[in-house]
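Asks: The lines below spell out each chain.
Protein chains: 2
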Amino acid sequence: MHIVQPGMEIDVLKENGKIAAENYRLMKSRGIKSVDFMGSIGAGKTALIIKLAEKLKARGVRVCAIAGDVTGADDYGRFSRAGLEAVNCNTGHECHLDANLVRKTLSKMDLDAYDVIFIENVGNLVCPADFPLGTDYRVVVVSTTEGDDMVRKHHDIFLHSDIAILNKIDIADAVDVNPEVILEDYKRLTGGNKKMITCSVKKETGLDEILSALKL
Amino acid sequence: MHIVQPGMEIDVLKENGKIAAENYRLMKSRGIKSVDFMGSIGAGKTALIIKLAEKLKARGVRVCAIAGDVTGADDYGRFSRAGLEAVNCNTGHECHLDANLVRKTLSKMDLDAYDVIFIENVGNLVCPADFPLGTDYRVVVVSTTEGDDMVRKHHDIFLHSDIAILNKIDIADAVDVNPEVILEDYKRLTGGNKKMITCSVKKETGLDEILSALKL
Numbered sequence: 001m002h003i004v005q006p007g008m009e010i011d012v013l014k015e016n017g018k019i020a021a022e023n024y025r026l027m028k029s030r031g032i033k034s035v036d037f038m039g040s041i042g043a044g045k046t047a048l049i050i051k052l053a054e055k056l057k058a059r060g061v062r063v064c065a066i067a068g069d070v071t072g073a074d075d076y077g078r079f080s081r082a083g084l085e086a087v088n089c090n091t092g093h094e095c096h097l098d099a100n101l102v103r104k105t106l107s108k109m110d111l112d113a114y115d116v117i118f119i120e121n122v123g124n125l126v127c128p129a130d131f132p133l134g135t136d137y138r139v140v141v142v143s144t145t146e147g148d149d150m151v152r153k154h155h156d157i158f159l160h161s162d163i164a165i166l167n168k169i170d171i172a173d174a175v176d177v178n179p180e181v182i183l184e185d186y187k188r189l190t191g192g193n194k195k196m197i198t199c200s201v202k203k204e205t206g207l208d209e210i211l212s213a214l215k216l
Numbered sequence: 001m002h003i004v005q006p007g008m009e010i011d012v013l014k015e016n017g018k019i020a021a022e023n024y025r026l027m028k029s030r031g032i033k034s035v036d037f038m039g040s041i042g043a044g045k046t047a048l049i050i051k052l053a054e055k056l057k058a059r060g061v062r063v064c065a066i067a068g069d070v071t072g073a074d075d076y077g078r079f080s081r082a083g084l085e086a087v088n089c090n091t092g093h094e095c096h097l098d099a100n101l102v103r104k105t106l107s108k109m110d111l112d113a114y115d116v117i118f119i120e121n122v123g124n125l126v127c128p129a130d131f132p133l134g135t136d137y138r139v140v141v142v143s144t145t146e147g148d149d150m151v152r153k154h155h156d157i158f159l160h161s162d163i164a165i166l167n168k169i170d171i172a173d174a175v176d177v178n179p180e181v182i183l184e185d186y187k188r189l190t191g192g193n194k195k196m197i198t199c200s201v202k203k204e205t206g207l208d209e210i211l212s213a214l215k216l
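Protein chains in written order, with the working numbering: chain A, 1 to 216; chain B, 1 to 216.
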């Protein structure tokens with residue numbers, strides 16, 4: 001994040017944390033489970049959310065997606081065309097969602113109509129890390145197409161996430177990336193106890209493991 | 001960028017602009033041409049810089065790269081292993097380089113030893129847009145693997161760049177992306193006068209067009 005002057009950052013993060021806690025309590029009071037999906041543009045967050053929602057809907061779970069982007073309604077459109085209920089949330093200029101933007105979006109939704117809310121954060125592997133939104137889980141999604149160095153370059157987002165997902169595992173060879181390097185880096189960064197989940201949204205592999213990690 | 005409170009953003013950007021102008025004058029006084037390469041993680045900035053530098057070195061041009069990353073020295077290592085002189089520049093936490101970080105890095109370099117400085121910004125398609133570094137050119141590099149919606153989602157970085165490059169054009173089919181959509185979006189956003197350059201660093205296509213656009 002942009003540190004503007006000493007002390008200022010702490011205030012912003014403290015205020016965000018306060019509102020995130022309110023969001024959490026609000027969603028809990030309606031029995032909603034929620035997930036924040038973070039990751040770079042092209043990591044496959046939108047497609048992943050669509051596939052996970054399809055699986056949940058087949059079981060009778062009512063899902064809604066919040067599509068976070070700087071500008072435009074591309075992801076909102078993709079959700080809608082896939083038959084997933086969705087709400088668009090543009091930041092205007094900001095490089096990440098924050099708890100206040102999510103609070104405003106939640107206030108426009110009929111929360112009694114959903115069991116699960118999937119929030120797709122702005123495509124950015126750096127800044128969303130600093131801003132919890134009040135969800136049950138924070139998930140970081142990366143793709144083999146991003147190279148094998150994303151864990152080494154971006155500690156924060158991996159350390160601030162509950163679950164890490166490596167997508168597009170099916171084209172790792174085509175983009176000359178060895179997934180083992182990424183999985184090992186993640187294991188080392190997180191102290192050896194956590195395992196990154198590999199998946200291919202396109203080939204529909206790894207999705208059940210993700211739902212199980214999310215306790216859904 | 002993170003807007004912290006009204007007015008504060010303007011001060012930060014103004015201060016950055018002042019130092020960027022100093023960086024520009026410093027490099028000009030030594031006859032150095034400089035380029036800021038921005039784009040998401042995995043767009044191919046490092047590989048592109050290596051290839052462009054090889055072509056320039058073959059012509060006797062002396063090139064140095066500044067490797068900008070939040071943490072680690074991955075890109076610095078890649079530059080060095082490729083035989084390109086390089087300096088590492090970690091932001092520590094920040095999601096983008098700023099003019100002050102570049103000024104500090106320049107102060108550690110022997111500027112009389114180079115004709116061209118390529119700066120690789122932090123892998124991030126949002127935040128670097130706000131922070132000019134004082135280079136001759138600002139270039140945004142995107143990849144077909146990022147999907148076809150990056151221009152529609154991230155106006156700022158395309159509007160703040162002099163040159164836009166679409167990399168990994170050779171695997172567009174494999175990742176189900178139609179490059180024409182991206183090229184059209186860019187043309188429309190920039191008023192119809194500017195053309196995004198397509199390239200494949202891996203297949204070494206489009207590189208001469210990029211050097212020519214950079215007047216190198």
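What the hints contain is simulated information worked out from the structure, not anything from laboratory work.
Check the hints yourself; a few may be wrong.
Okay, derived cross-link-like pairs now, BS3-like style, lysine-lysine, Cα gap no bigger than 27 Å in a straight line [as the list claims (entries may be wrong)]:
no., chain 1, residue 1, chain 2, residue 2
1, A, K203, B, K57
2, B, K28, B, K108
3, B, K202, A, K202
4, A, K202, A, K55
5, B, K203, B, K108
6, A, K203, A, K14
7, A, K55, A, K195
8, B, K57, B, K187
9, B, K203, A, K202
Asks: For each hint, tell me whether it holds in the structure or not.
Replies: Hint by hint, here is what the structure shows:
no.: 1; hint: A/K203 with B/K57; verdict: 43 Å, violated
no.: 2; hint: B/K28 with B/K108; verdict: 17 Å, holds
no.: 3; hint: B/K202 with A/K202; verdict: 24 Å, holds
no.: 4; hint: A/K202 with A/K55; verdict: 14 Å, holds
no.: 5; hint: B/K203 with B/K108; verdict: 35 Å, violated
no.: 6; hint: A/K203 with A/K14; verdict: 41 Å, violated
no.: 7; hint: A/K55 with A/K195; verdict: 23 Å, holds
no.: 8; hint: B/K57 with B/K187; verdict: 33 Å, violated
no.: 9; hint: B/K203 with A/K202; verdict: 26 Å, holds
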